[in-house]
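Peer 1: So the protein lines, in turn, are chains A and B.
Per my numbering, the very first residue in the first sequence carries number 140; after that it's consecutive.
Per my numbering, the very first residue in the second sequence carries number -4; after that it's consecutive.
Take these hints with a grain of salt, some might be off.
Unchecked claim - 30 Å max Cα-Cα, derived DSSO-like pairs, lysine-lysine:
#1 B:K156 with B:K104
#2 B:K207 with A:K311
#3 A:K311 with B:K156
These are computed hints drawn from the structure, not numbers from a lab.
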Amino acid sequence: MGLLRYGVRRILQAVMTLLAVMVFTFFLGHLTGSPAALMLPATATPSQIQHFQANLGLDRPLPVQLWRYLVNAVHLNFGNSTANGLPAMDVALQRLPATLELAGVAFAISVVTAVSLALVIEITRFSWLRSMILVGALVREGIALFVVGLLSILVFGVELRWFPVVGENGWKSFVLPSFTLASASLAFYLRLFRSSFADERRQGYARTAAAKGESERRIVIREMLPNVLLPVVTMMAINFGYMLVGSVVVETVFSWPGVAGLVVSSVEQRDFPVTQAIVVILAAIFIAVNAAADILYVKLDPRIRIEVA
Amino acid sequence: MQGSRLRTNAKTLVTCSLGLLILSACSSSNHGAANGNSPSGASANGSTAARTGQAITVALLNPIPTLDPIADLATGTDVEENLFQTLTHNVDGKQEPWLAKSWNTTDGKVWTYHLDPHAKFQNGTPVTAADVVYTMDLTLKPSNPKAPELSGVAKVTAVNKETVQFRLKSSDAAFPTTLAVVFIVPKAYYQKVGSHRFGQAPIGSGQYKFVKMLPGGGVELAPSSTYDGPPAEFSRVDFVPVPDPQSRVSGLQSGQLDIIDDIPFNDVSNLRSNSAIHVETMPSSSSEFLAMDPNSGPTSDPKVRAAIDMAIDRSAIVSKLLFGLGKPLGSPVPETVAGYDPNLKPTPYDPSKAKALVKGSSYNGQQIDFTYPTSNLDGGDDLARAVVGYLSAIGLNVKPVPLEWNTFLGDWAAKKMTGIYLMEYRNGGDAQVIITSLYSRGSRALFNDPKTFSLAQQEQAQTDAAKRQALLNQLWEYTLGQQHYYSALVVPDVTYGVSAKASAWKGTSDDRINLTTF
Chain A
140 MGLLRYGVRR
150 ILQAVMTLLA
160 VMVFTFFLGH
170 LTGSPAALML
180 PATATPSQIQ
190 HFQANLGLDR
200 PLPVQLWRYL
210 VNAVHLNFGN
220 STANGLPAMD
230 VALQRLPATL
240 ELAGVAFAIS
250 VVTAVSLALV
260 IEITRFSWLR
270 SMILVGALVR
280 EGIALFVVGL
290 LSILVFGVEL
300 RWFPVVGENG
310 WKSFVLPSFT
320 LASASLAFYL
330 RLFRSSFADE
340 RRQGYARTAA
350 AKGESERRIV
360 IREMLPNVLL
370 PVVTMMAINF
380 GYMLVGSVVV
390 ETVFSWPGVA
400 GLVVSSVEQR
410 DFPVTQAIVV
420 ILAAIFIAVN
430 AAADILYVKL
440 DPRIRIEVA
Chain B
-4 MQGSRLRTNA
6 KTLVTCSLGL
16 LILSACSSSN
26 HGAANGNSPS
36 GASANGSTAA
46 RTGQAITVAL
56 LNPIPTLDPI
66 ADLATGTDVE
76 ENLFQTLTHN
86 VDGKQEPWLA
96 KSWNTTDGKV
106 WTYHLDPHAK
116 FQNGTPVTAA
126 DVVYTMDLTL
136 KPSNPKAPEL
146 SGVAKVTAVN
156 KETVQFRLKS
166 SDAAFPTTLA
176 VVFIVPKAYY
186 QKVGSHRFGQ
196 APIGSGQYKF
206 VKMLPGGGVE
216 LAPSSTYDGP
226 PAEFSRVDFV
236 PVPDPQSRVS
246 GLQSGQLDII
256 DDIPFNDVSN
266 LRSNSAIHVE
276 TMPSSSSEFL
286 AMDPNSGPTS
296 DPKVRAAIDM
306 AIDRSAIVSK
316 LLFGLGKPLG
326 SPVPETVAGY
336 DPNLKPTPYD
346 PSKAKALVKG
356 SSYNGQQIDF
366 TYPTSNLDGG
376 DDLARAVVGY
386 LSAIGLNVKP
396 VPLEWNTFLG
406 DWAAKKMTGI
416 YLMEYRNGGD
426 AQVIITSLYS
436 RGSRALFNDP
446 KTFSLAQQEQ
456 AQTDAAKRQA
466 LLNQLWEYTL
476 GQQHYYSALV
486 VPDVTYGVSA
496 KASAWKGTSD
506 DRINLTTF
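Let the hints inform the model, and build the full structure from the sequences given.
Peer 2: So, in structure tokens, the structure goes:
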């Protein structure tokens, strides 16, 4: 019963969040001006511009436009793109798979790399190796994402010609953008692992296992890792959402055919229907991922369920 | 040579190794791999033999959501130029026959076009006057954002199968240039499938035909067997969107792209040092200029406007900010646009005289707004800052007002600008475009000058080329030389980067990628 109430509350929260995002996006978009001057040729007269605005429904009061937008959005109708007349949701959904693929691959790489390196840091007896990994991750974190992307293009694309640098064409085209995106959260994950492992090392079970003479590797992997993963998994799930939204830079640098490029071009062109459709999709994914992280946490940690009940 | 290359690679690798540690982990399995985008050969759908048989990849500035040229707002023009035909095609301000073999007018008000009887669409149906009328009717619908371009057209009729007549609301000598931007679509197919489906599977009459859409807004084309003209140069053309200019340069350097345009000016010399790449630059059809508000504030004094005109060192702007890729400009339109006056030289840089003019004017230190767009301006913010510097140096108190492009356009259209504004204007093939925008009655001109409006009206109606040019010269001399409503600054170059594989292709001053062999 407690879990059901929790679920209903989460769904209501999600709907409210989505509504707030839609209203916010609507007003932000419309504050930036009308697309008419951009769309019409430089020779258009003021009356032609006014007539065109009326055709797009942009001459009506903002609350009226907002109400129409929300009513249509309930039916998943975000209107047609003002730039090309195609249904806005179709335009946005066409570009979503490429973004999900890139974020998915980058997420997998970041998780595998972070877990592997975190284990190496905990288990290794060589302090220089530990320092090298941590310093390397920090240095990476200190370099802007687009600089890492451009450097990787110069080295592995232009100089060595190992990987394509533009667009999505087979698995090789995933290498540079996904590693660039994945490397962004490495230092964050390693810090999280370090503090979680430090907490766990102070727990009685870890000290008992060490007193029993269990090997360091066994203590770290078998005893401590499941507990360490608990907060890390939640953060990773949330981070997947950030990866989706934060891939704008990477998609731009690598000309990746995802939604990020579409967001930028639709904002530049004041294509409100497409901008709104993309923001709603990304917000929905972000909310869903957060909800999934909560549910995962409940599954992993029975204490959470008791608190909810 | 090989050793040098290896040393260069090693040096670069050492420099970047820390930040790219993770990236190198997967490098071993990719030795010698070709780029993933290189087509292996002619498309299975390609039908005719191409001249070189080369398959090439061309960078687009934006993804293409639709290839319906009637609904598309210029994002797909580079592809449409190769898929479709216009009645005439523009070569540096002159109209050459294309779908139309000839055209004529008696009074500039009624224009008659005679179509090529052998022209066919890619589905084998002939191009007829009915297709032209249908295309024009769709374009002229008030809901179509392109309609204002043809707002001078009163009626389009098919005289017979191969003759189309355009009746205009008033005489327009430059009408063929205006018409040269409209791609003709096949009426029967368009009616059958509608705009949406047409945009995803278009049929035109151009030298290349549509094969398929590529992921993320790209397009694959192949030579068309129905084109009434020389064979296509390339066996397959993939257009892929690469909006970021730096990525376009990297794509060309890495061998993944064969033709790119809009190269950042500071990258041109670097690309020129690469023997595998040919960089082509030529004067564009754009002009960068200042407009001054003669109605209010300090710029209402003609002496201040004249001082502003001579305070700017155009040669320095070209050499320092455009990296030598441009020319100082004295005429509102550059030499690639019909209506250019070669006798109008750029205003000489004379800060002393400008200072003296300011001193002798009514100016007493009031602030002058200087509005400029933060994008769509070759030279960018640096150009705006340079102009502010030049104007401050002659004693003017100039306040920079940077505006995002859409906001700038909105204010420009509503004539909200005061003081001075800086703009880069894309002229098209004929001076008529800028005259309609900035010199005619009801236009976006900040001045209200009956003499200017009268000259603009006279030149538009004048069908005799020499007489029209004389009127244009008068208009330029009066508005720039005498009244200083505008101050022409520079014409930036267009830039193209071409790989050895596509070296047969030549760029054009209109900044388009037209692969058609004429």
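Peer 1: Against each hint, give a clear statement of whether it holds in the structure.
Peer 2: Now the hints, each set against the structure:
no.: 1; hint: B:K156 with B:K104; in the structure: 22 Å, holds
no.: 2; hint: B:K207 with A:K311; in the structure: 22 Å, holds
no.: 3; hint: A:K311 with B:K156; in the structure: 53 Å, violated
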